[in-house]
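Asker: So you can see what is in the structure, the chains are spelled out below.
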Amino acid sequence: MDILTKNWDKIDPLRIDSYTRTGGYGALRKAIREMDPEKVVAEIKMSGLRGRGGAGFPTGEKWGMAAKTPAKEKYFICNLDESEPGVHKDRAIAEKNPHQIIEGILIGAAAVGAKKAFIYINGNYQKQKEILEIALEQAREKELVGKSVMGSAFKVEIVIFEGAGAYICGEETALLSSIEGKRGEPRLKPPYPPVAGLFGKPTIVNNAETLANIPFIIKQGAKTFSQIGSSASPGTKLFVLEGAVRNRGIHEAPLGITAQELIYNSLYGGGMASGKEFWFAQIGGASGRLAPAGKLDQSLSYGPGEFPLGCGSILVVDKSADIKDLLFSWADFFHRESCGKCLPCREGTYRLWEIAKRIKNNDVSKRDKENIEEILWTLSNTTFCPLGNFAAVAWKDAMRMFSDKIFN
Amino acid sequence: MSLQKILLNFEPRPENLLAVLKKTQKENKYIGKKECEVIADYFSLPLARVYSFASFFDGIRTKKDDKKIIKICSGGPCLSENSKKVARQIEMFLGVEVGNDIHSKYRLEYMSCLGLCDRGPIVEIEGNIFERVKPETVDDILKNYL
Ligand SMILES: Cc1cc2nc3c(=O)[nH]c(=O)nc-3n(C[C@H](O)[C@H](O)[C@H](O)COP(=O)(O)O)c2cc1C
Ligand code: SF4
Ligand code: FES
Numbered sequence: 000m001d002i003l004t005k006n007w008d009k010i011d012p013l014r015i016d017s018y019t020r021t022g023g024y025g026a027l028r029k030a031i032r033e034m035d036p037e038k039v040v041a042e043i044k045m046s047g048l049r050g051r052g053g054a055g056f057p058t059g060e061k062w063g064m065a066a067k068t069p070a071k072e073k074y075f076i077c078n079l080d081e082s083e084p085g086v087h088k089d090r091a092i093a094e095k096n097p098h099q100i101i102e103g104i105l106i107g108a109a110a111v112g113a114k115k116a117f118i119y120i121n122g123n124y125q126k127q128k129e130i131l132e133i134a135l136e137q138a139r140e141k142e143l144v145g146k147s148v149m150g151s152a153f154k155v156e157i158v159i160f161e162g163a164g165a166y167i168c169g170e171e172t173a174l175l176s177s178i179e180g181k182r183g184e185p186r187l188k189p190p191y192p193p194v195a196g197l198f199g200k201p202t203i204v205n206n207a208e209t210l211a212n213i214p215f216i217i218k219q220g221a222k223t224f225s226q227i228g229s230s231a232s233p234g235t236k237l238f239v240l241e242g243a244v245r246n247r248g249i250h251e252a253p254l255g256i257t258a259q260e261l262i263y264n265s266l267y268g269g270g271m272a273s274g275k276e277f278w279f280a281q282i283g284g285a286s287g288r289l290a291p292a293g294k295l296d297q298s299l300s301y302g303p304g305e306f307p308l309g310c311g312s313i314l315v316v317d318k319s320a321d322i323k324d325l326l327f328s329w330a331d332f333f334h335r336e337s338c339g340k341c342l343p344c345r346e347g348t349y350r351l352w353e354i355a356k357r358i359k360n361n362d363v364s365k366r367d368k369e370n371i372e373e374i375l376w377t378l379s380n381t382t383f384c385p386l387g388n389f390a391a392v393a394w395k396d397a398m399r400m401f402s403d404k405i406f407n
Numbered sequence: 000m001s002l003q004k005i006l007l008n009f010e011p012r013p014e015n016l017l018a019v020l021k022k023t024q025k026e027n028k029y030i031g032k033k034e035c036e037v038i039a040d041y042f043s044l045p046l047a048r049v050y051s052f053a054s055f056f057d058g059i060r061t062k063k064d065d066k067k068i069i070k071i072c073s074g075g076p077c078l079s080e081n082s083k084k085v086a087r088q089i090e091m092f093l094g095v096e097v098g099n100d101i102h103s104k105y106r107l108e109y110m111s112c113l114g115l116c117d118r119g120p121i122v123e124i125e126g127n128i129f130e131r132v133k134p135e136t137v138d139d140i141l142k143n144y145l
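Residue numbers (numbering that gives the first Met the number 0), protein chains in the order written: chain A, 0 to 407; chain B, 0 to 145.
No lab work stands behind these hints, which were simulated from the structure alone. Just to be clear, a hint being listed does not mean it is correct.
Facing chain A, a subset of chain B residues (Cβ under 10 Å, in silico) [claimed, not checked]:
(1) Pro13
(2) Gln24
(3) Phe42
(4) Ser73
(5) Gly75
(6) Glu80
(7) Gly94
(8) Met110
(9) Ser111
(10) Asp117
Backbone N, C-alpha and C define an ideal beta-carbon position, used for all residues, glycine too.
Bound conformation, chain B alone:
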């Protein structure tokens, strides 16, 4: 769907700004300068306001990123379910440390709790969420997605 078409589904009122950004990101993977300009125009807002808003949220990406992103929850409850060992295993499999952005294809990061703590450890691969991940099973999950 083009950005113009997405915009037509929303009244240009401030309370719709985040919803527009989320929808645009779904279609476009990220919200760059061009998208910000069109959206700012539609909402009659300064470009700086739209960009600073978009860049505020963890869930909105403002830069193109071709790397595959793998995230692991760093929360206490996931930790008590052995997320540390799972993280070690992913690091070994990918050959990159968490938070160390040097791999050309993958980025491995910690993320904040998703509220799925009763099913931890939680791993997110390219937006797909995996529950109760074990060090023994994580290789197979990664192979399927990368």
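Here chain A stands alone, though its shape is the one from the complex:
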């Protein structure tokens, strides 16, 4: 069942007609003409859609919170900051079917009563930004964005906000700060953005993939959607397969699928690349856990589980890889991306990175070994935002599973 990728490569992303011909903006019409905002929120709640940005928060509940909060101004933000190593699914949606995201934003903005929306895009995604700009321009011409959407009383403006290379700005409150012209440091929650977000106003932040699901749900109904995928988290997901697998890249699959199937089924990964022997898989980007062969049979969905799905990328590592290189890769990323607001993460990621260099050069000391445990504990338990926890996830698994290879 394809929801997100159905028309990829069939439609021309630069021509809005090409999207409307496949029924595009029909869901917006239905949401505006046939449903009231409460009905739209109720429908999304009923669908069971959960956010695809990593945390898996129920989208309908989030919208309901913002819709209920009285305010003259509200904001709606599409999070397209995507900068987790190994993840490029949102880039693909923007590139292949930009109107799917825009339609999702419009339906969401109408449902919560937001008159201004932002698409917060990763600063490296220049080509995708241009595609979205063209798409927005065409949507304005067709009066789908602007003073009177489809001739109704609903008015909304959508602008693109370009990031400048900071992973932490994908975290929703850091994202809001950076739009406000402040350092992209996370804020204390609560208040949650749907209650007090951008400039203190109720704000929805949704991942681009989450929003791309909205038109389908409104058009086909919550019931149809909720029957796809797993009951705890319905729908499909864009999985990104990287590393030593035959078919690398993006694969749409129902939630609840196992990593085993994603990697080995010919519909998806198609097995290991020739000559490569499976060692372990990292599930959920650089902040994901490591799964050995015996654990690939667990189902991947949002909800309780041993291997959180995160943003849905899977790095398949084969036996020729050197775990020391990977430890460095993870530490290098998180030490650069730590925002510096809290000490345990700022110092912890830095020290871990220094130790990673020594591990790589085979001159790790006894003190280093002792310190690793302490640093990982501190990162997991005392940091201000989840980035600090993320930095420790893969390292903890690696220490447990491969310490003989790390300290040989």
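Got chain A sorted already, so can you dock chain B with the ligands onto it with the hints?
Answerer: Okay, now just chain B with the ligands, sitting in the frame of chain A:
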């Protein structure tokens, strides 16, 4: 384009601050104290706020830097496409180690994933991005740009 002219294209609202910095950097290569002062004035913000904002982002430079900058992605997916060998080759060609800022003309650094993981290894030279770089081809790429 002068900074004054750039500013005229933007309303002095906080949500335009990052866009102004990016545009200024494009013209000016970096955003120094002088630029920060003019921008702070235009947005009616304290200078410290503008400077601390500008210095936060990897994509904004707050110091003049005449060195040519070469970056290589340190992400896991690029690693599995042999970025390690590419890094070794660049180190040999330039005669400087990654992260070791001692060369008078070049600076070689690791960078975070650019989301081009399906086309790795990724190397960036003076803002130009190269995909699927191989140890055998990297010398030619470097010769063209340095
Ligand atoms: C360090 C960090 C980085 C994040 N990066 C992103 C990102 O690039 N894109 C994204 O959609 N969500 C990202 N998130 C999650 C957001 O905070 C937020 O939960 C999400 O955008 C909400 O949208 P959703 O409910 O549709 O998933 C990140 C979170 C953390 C802690
Ligand atoms: S955990 Fe890291 S990224 Fe998060 S607030 Fe602290 S320093 Fe910043
Ligand atoms: S890991 Fe190198 S571009 Fe993503």
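Asker: Evaluate each hint against the coordinates.
Answerer: For each hint, the structure was consulted:
1. Interface restraint check: B/Pro13 against chain A, minimum CB-CB distance 4 Å, threshold 10 Å, status holds.
2. About 9 Å separates the beta-carbon of B/Gln24 from the nearest beta-carbon of chain A, less than 10 Å, and the hint is met.
3. Restraint check, B/Phe42 versus chain A: the minimum CB separation of about 7 Å is within 10 Å; hint holds.
4. Using the Cβ-Cβ criterion of 10 Å, the hint placing B/Ser73 at the interface with chain A is satisfied: the shortest such distance is roughly 4 Å.
5. For B/Gly75, the suggested interface contact is upheld, since its CB lies about 5 Å from the closest CB of chain A, less than 10 Å.
6. For B/Glu80, the shortest C-beta to C-beta distance to chain A is roughly 9 Å, which falls under 10 Å, so the interface hint holds.
7. For B/Gly94, the interface hint is violated, since its Cβ never comes within 10 Å of a Cβ in chain A; the closest pair sits about 19 Å apart.
8. Checking B/Met110 against chain A by beta carbon gives a least distance of about 8 Å; that is within 10 Å, so the hint holds.
9. A distance limit of 10 Å between C-beta atoms decides the matter here; for B/Ser111 the minimum to chain A is near 6 Å, and the interface restraint holds.
10. For B/Asp117, the interface hint holds, the least distance from its beta-carbon to any beta-carbon of chain A being 5 Å, beneath 10 Å.
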